[in-house]
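Chemist: Start from the sequences, fold in the hints, and give me the full structure.
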Amino acid sequence: MVDNLPKSETDRKIDQALAFHRQGQLDAAESLYRAVITEDPTSSDAPHLLGLVAFARGDLQAAHTYISAAIKLAPGDERFHLNLA
38 MVDNLPKSET
48 DRKIDQALAF
58 HRQGQLDAAE
68 SLYRAVITED
78 PTSSDAPHLL
88 GLVAFARGDL
98 QAAHTYISAA
108 IKLAPGDERF
118 HLNLA
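Using my numbering, the first residue of the sequence shown is number 38, and each one after it goes up by one.
Errors might be hidden in some of the hints.
[To be verified] FRET-style restraints, in silico, Cβ to Cβ: (1) Gln53 / Leu110: 16 to 22 Å; (2) Arg116 / Arg94: 15 to 21 Å; (3) Leu97 / Lys44: 31 to 37 Å; (4) Gln60 / Pro112: 27 to 33 Å; (5) Leu55 / Ser105: 19 to 25 Å; (6) Thr47 / Ala93: 21 to 27 Å; (7) Glu76 / Lys109: 24 to 30 Å.
Keep in mind that the hints were calculated from the coordinates and are not lab data.
Computed from a predicted structure; not experimentally measured.
Every residue, glycine too, gets a C-beta built ideally from N, C-alpha and C.
Modeler: Take a look at the structure:
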């Protein structure tokens with residue numbers, strides 16, 4: 038069963054960042070999302086979620102840039118396209 042597999046460090050950071058994000062701690066979430074992008078440039082979730090942080094702050098240009106980057110990494114992920122719209 039896949040759920041029993043240990044989480045990667047990237048997954049743990051994304052989970053922690055999401056917790057901060059949901060609590061409105063955008064600076065802390067942003068810091069972790071950026072760390073994930075630096076450590077794992079193939080992660081599509083980190084730029085997508087960073088785009089959502091930018092959107093929450095009203096920075097639509099940055100939100101578009103980050104979510105577009107996520108789409109380039111995972112063009113088939115519908116969530117990214119929906120959030121870009």
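Chemist: Go through the numbered hints given earlier and state which of them the structure violates, listing their numbers in rising order.
Modeler: 7
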